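Sequences are here, hints too, so could you generate the full structure?
There are 2 protein chains.
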Amino acid sequence: MSDENSIFVGSKPVMNYVLACITLFHNGKDEVVIKARGRSISRAVDVAEIVRNRFMSDVYPKEIRIGTETINTESGNPINVSTIEIVLAKK
Amino acid sequence: MSDENSIFVGSKPVMNYVLACITLFHNGKDEVVIKARGRSISRAVDVAEIVRNRFMSDVYPKEIRIGTETINTESGNPINVSTIEIVLAKK
Numbered sequence: 044m045s046d047e048n049s050i051f052v053g054s055k056p057v058m059n060y061v062l063a064c065i066t067l068f069h070n071g072k073d074e075v076v077i078k079a080r081g082r083s084i085s086r087a088v089d090v091a092e093i094v095r096n097r098f099m100s101d102v103y104p105k106e107i108r109i110g111t112e113t114i115n116t117e118s119g120n121p122i123n124v125s126t127i128e129i130v131l132a133k134k
Numbered sequence: 044m045s046d047e048n049s050i051f052v053g054s055k056p057v058m059n060y061v062l063a064c065i066t067l068f069h070n071g072k073d074e075v076v077i078k079a080r081g082r083s084i085s086r087a088v089d090v091a092e093i094v095r096n097r098f099m100s101d102v103y104p105k106e107i108r109i110g111t112e113t114i115n116t117e118s119g120n121p122i123n124v125s126t127i128e129i130v131l132a133k134k
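From first to last, the protein sequence lines are chains A and B.
Throughout the first sequence, residue numbering follows our numbering, covering 44 to 134 in sequence.
Throughout the second sequence, residue numbering follows our numbering, covering 44 to 134 in sequence.
Simulated from the structure, these hints should not be mistaken for laboratory data.
A portion of the hints provided could be inaccurate.
Since the list gives no way to pick out one identical chain from another, each pair is judged satisfied if it fits inside one copy or across any two copies.
[What the hints assert, rightly or not] In silico DSS-like cross-links for lysine-lysine, where the CA-CA straight-line distance does not exceed 25 angstroms: (1) 134 <-> 105; (2) 78 <-> 105; (3) 72 <-> 55.
Just so we're clear, the structure is a prediction, and the values are computed from it rather than from any experiment.
So, in structure tokens, the structure goes:
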């Protein structure tokens with residue numbers, strides 16, 4: 044899965060990511076992968092749900108993957124953070 | 044899916060829910076459903092990942108569902124919140 048159809052959800056307002064997602068679909072992508080980690084995971088779910096319920100009733104969450112990444116912090120102590128990938132696809 | 048094998052993740056420390064989850068498996072459940080909504084969604088993913096990676100390598104996320112619930116607030120304006128259900132199952 045290339046990064047061309049991926050959206051990385053961070054701490055910006057949720058509608059920024061919703062718009063980015065809709066734009067990818069309108070540019071011809073059949074699938075868009077919404078990725079996030081840590082506290083942004085709940086916002087990634089918000090993005091998927093808002094796209095699906097409010098803007099594009101013809102997409103659905105085809106696959107949802109969760110995982111763990113190890114991040115090196117400035118203090119030198121690596122920490123584990125949870126990750127999510129939500130694959131939205133056209134029906 | 045009954046509530047007997049469900050865990051509702053809220054704002055308590057993550058290890059409380061990890062322990063509850065492990066206890067259900069040790070009491071004979073083959074599947075445990077970790078549920079959360081709103082900002083607690085990222086904590087629910089943490090719970091699933093910690094159970095799986097640190098305590099029970101024989102369980103895996105069998106299914107992950109996302110959705111939206113409408114909640115009536117005290118001010119009278121209903122709001123939408125995202126939900127997640129992570130089904131952890133024994134291999």
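Now the hints, each set against the structure:
| no. | hint | result |
| --- | --- | --- |
| 1 | 134 <-> 105 | both (9 angstroms within a copy, 22 angstroms between copies) |
| 2 | 78 <-> 105 | both (14 angstroms within a copy, 19 angstroms between copies) |
| 3 | 72 <-> 55 | within (23 angstroms within a copy, 40 angstroms between copies) |
This entry satisfies every hint, going by the numbered hints stated previously.
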